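Enquirer: The primary structure of each chain is shown beneath.
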Amino acid sequence: MPWGEFKDTAGERRVFQRRTLAVVVILLLLMGVLVARMYQLQIVQHETFSTMSDKNRVQVQSVAPTRGLVYDRNGVLLAENRPVFSVTVVPERVGSLDETLIELQRFLSISDEDLDRFHRRLKERRRPFQEIPLRYDLNEQEIASMAVHRHELPGVEVNAELVRYYPHAEMTAHALGYVGRINRDELQRIDPVDYAGTNYIGKSGIERFYEDLLHGTVGYQHVETNARGRTLRVLEQESSVPGADISLHLDMRLQDRAFSLLEGRRGAVVAIEPETGGVLALASVPGFDANLFVTGIGVEAYRELNESLDKPLFNRALRGQYPPGSTIKPMLGIAGLDTDTVTREFTIWDPGYYQIKSKGRRYRDWKRSGHGWVDLNDAIAESCDIYFYDMAVKMGVDHMHDYLTQFGFGEQTALDISGALPGLVPSRDWKRAFRNEPWYPGDSVNMGIGQGFNLATPLQLATATATMANRGRWAQPRLLKQVIGDAPTTEALPEQQRQDIVLNNPDDWNFIINGMKDVMHGPKGTARAAGKDASYLMAGKTGTAQVFSLAEDEEYEEEEVRERLRDHALFIGFAPIDNPKIAVAVIVENGGSGSGTAAPLARAMFDAWLLEFNAEEAGLIVGAAEGVSP
Amino acid sequence: MASRDFLQKLPSQQLTQSRGFWSMVHLDPILLVLLIGLVGFGLVILYSGGDGRIELVKGQGVRIALAFLVMVVFAQLDPAVYRRWAPWLYLVGMAGLVAVLLTGVGAKGAQRWLALPGLPRFQPSELMKLVVPMMAAWYLSRHFLPPRLSRVALALVLVFIPMGLIVKQPDLGTSLLVVASGVFVVFFAGISWRVLLAFGGLVSVAVPLMWVFVMREYQKQRVLTLLDPESDPLGAGWNIIQSKTAIGSGGWSGKGWMQGTQSHLEFLPESHTDFIVAVLAEEFGFVGVLSLMGLYLLIILRCLYIAVNAQDSFSRLLAGALSMTFFIYVFVNVGMVSGLLPVVGVPLPLISYGGTSIVTLMAAFGILMSIHTHRRMITS
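Chains as they are written, first to last, in the working numbering: chain P, -2 to 627; chain H, 195 to 574.
Hint data in this document are derived by calculation from the structure and do not stem from the laboratory.
Remember, it's a predicted structure, so these values are computed and weren't measured experimentally.
Glycine included, each C-beta is placed from N, C-alpha and C at the ideal position.
One or more of the hints may lead you astray.
[Stated by the list, open to error] Under 7 Å between C-beta atoms, here's a sample of chain H residues computed to sit facing chain P:
| id | residue |
| --- | --- |
| 1 | Phe480 |
| 2 | Ser532 |
| 3 | Pro536 |
All chains should be built: construct the whole structure from the sequences, respecting the hints.
Expert: Shown next, in the form of structure tokens:
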């Protein structure tokens, strides 16, 4: 035997057998553990894992509804949806990430900002095979070259998304508002289910006001996806309901005209159809390209817009609160007659200044030499300040406040124009509360010519003018003309709240309007140059708002005042007088005089609307124009 | 020489009669049928686990055929040959392991392969799965059993040195199997229960002490994630959560062949290699799992039967250790896929796609068949 020792073969065999027995016991025990474990997973916890497996496999994808389109009154598209392409990368599927990024730069311009954002996202926790966006908003050339080269780049995807687009850019930003990516605050406010697939929400204007209408209803599809999230098949589907298309009262031709009339200036034009209250034009110049804000504007571009002296982001038409100046006189004239403060025949002597008490402060007329004897009609036509000083002091602040408020001053009266400001009509209470002072007669003097504490927006001026044109009947301003499709328009639009202005003598309307007619057509009318040679009759009122107050007797040297300190030029008016089709308020910042700058602009708007765009209706007007005094 | 003379003196007629066909070809028909059944079942699962890629099944088929050939060849060699060669094979294996660490070819961040000029690439660590139990059996069976404590200690040294080298590659799964094979030899040799208990006690004291005094914070963290992968659901835990989901969603009878959503929609990772049992569980349900476990159990019991009936201590120890190593394969793999054990790279034996492990495993079955069919004496 090679083995040095004696071996007890039988004994060794017995030991081995006992050990094998032990091993078999252990073996069966451990096998039992495995089987028990499988039983636990497969039978006991089957429901749980079955659900998990389905959750893995079946994804509920929300299908974002297509946002409703916005048209003007003639069917011109104002807001549409445009596919925007972006490039995403699935890091797990690309061979070398660095090489792929270098390769991609051959077809795309990728900024450092894009790369930074990409690498930040790469470091965040994510599911394996989740895609990371690299570049948004490819241009057409980039889309084309990606389409050609995509197969060379595994793990690189091009995705399309519908994004709001405003074809008229600057011209509609202030009238329509715009949509933008949903931010954190809005996320709190919206229904997370309804917005599950939506990335954009109305931020301002019509887009914001009619958000519910335009957004539509989210749809769902149950899809089977693989671990990479790629959809393999649709199991079940509930279609989304696209948002309603809407048309506005806005007329893009008139809007366009307002912009070209204001070109190179700062100002606003609001045109309203008195019959309906429909806003025909709402221009704030300069405007801005709302498309920049939809996908997110760059820091640099935003700073440029925000810090511009011309304030393009400022919506002058809705939020510019200016002293209304003399444009307020026709409304105060109504107040004077209706409160019997003055009569139609009442005259005053205008020496060029007004004193509450003799030897008191002299409030000057804009005409240093004075207007001589003036009645109410002359006072409106010639914009005599002294007449209104006198009337304001006699009438008192309470009446003035009452009537101005009835015309919608100091309140937000627009039905569906979000963001409009209320302006200010001062009162005793207001002055006590905000200035902690009593109301002085001098305050009434200033109020009588729309200076002092008075503030009004161009929209308010246009609204008051339309109410004047309607002889007191209110049609609150609105943008929505019609909801296209099933939803009734009346439900979408808030109900009108304002009470019509009822005068003791309704003919007072015509008396005041006649004064406004003389502004345009009378021999001494302040805007007679603007009203010249018209084939229809129009009513108007010029105004000038001081940017800063002049001390008594201080000489006003326009040339010496820097351009931006010049007076704002204002004008309100409507036409034709007998059957008003359009009411307009114009403000040109630092435009100098209302008669020289603002009135011709309004005349151009009247002509465009009545003669150019609605020629068939103008036929009626020619006859009426024969009554124009030479 | 003496034994061969003895054999020749036996009546040849009686010999051939008792041996029959299977003894002549040195194969065990029962084990062979079980193995063919297992491998066939495996190929069916693999076809689904590999998402219907027939080339995968073909490749595996070729590998299995080769492995069966290796089994047949190994079965022809007399157990005495293995015993005689054990020390030399051990030295060759150790040299190979050292060479791998010095010059090895990397794959997936680990150096496992040795590329010798003129030879196909191979993993010395795979070889060690056979050689280590052979060596331990050789060493212990030279003396009477049960072994003395000093011999046990030396035998364990013979086991743990190659393990250390394999851990360094690093290949945790293989080193585990190598250690298991060696430790089973020691166990079968009859090491006393008291020593076993003492050893177990030592380990259970040493581990907490190591935890508190030796291990650094990051090492502890790594161990914790290993033990609780669900704390990291998108990272290390992803695999195990997905495989548990696959298994659990199978239920009693499964989703049907080729119908498993977890594997076919790519949620289940490594669905044709280490995690293939999850595919089985998902598509064939608990019934399928029981069938597979039953098949494995029958194979192991047959192997233990062979071990018990082996004629000398070396053969017994080797056969016992190889049988139980096979079981360790099954236990570690299924335990890991079902979330009982931490994830270490151990394939499901004879079913997982690829790998030299199939060849090694079939070689082991060849050795077992050799032990069963090379009988030196006719029992009285």
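Enquirer: Work down the list of hints and note, for each, if the structure agrees.
Expert: Results for each hint:
no.: 1; hint: Phe480; result: holds (4 Å)
no.: 2; hint: Ser532; result: holds (5 Å)
no.: 3; hint: Pro536; result: violated (15 Å)
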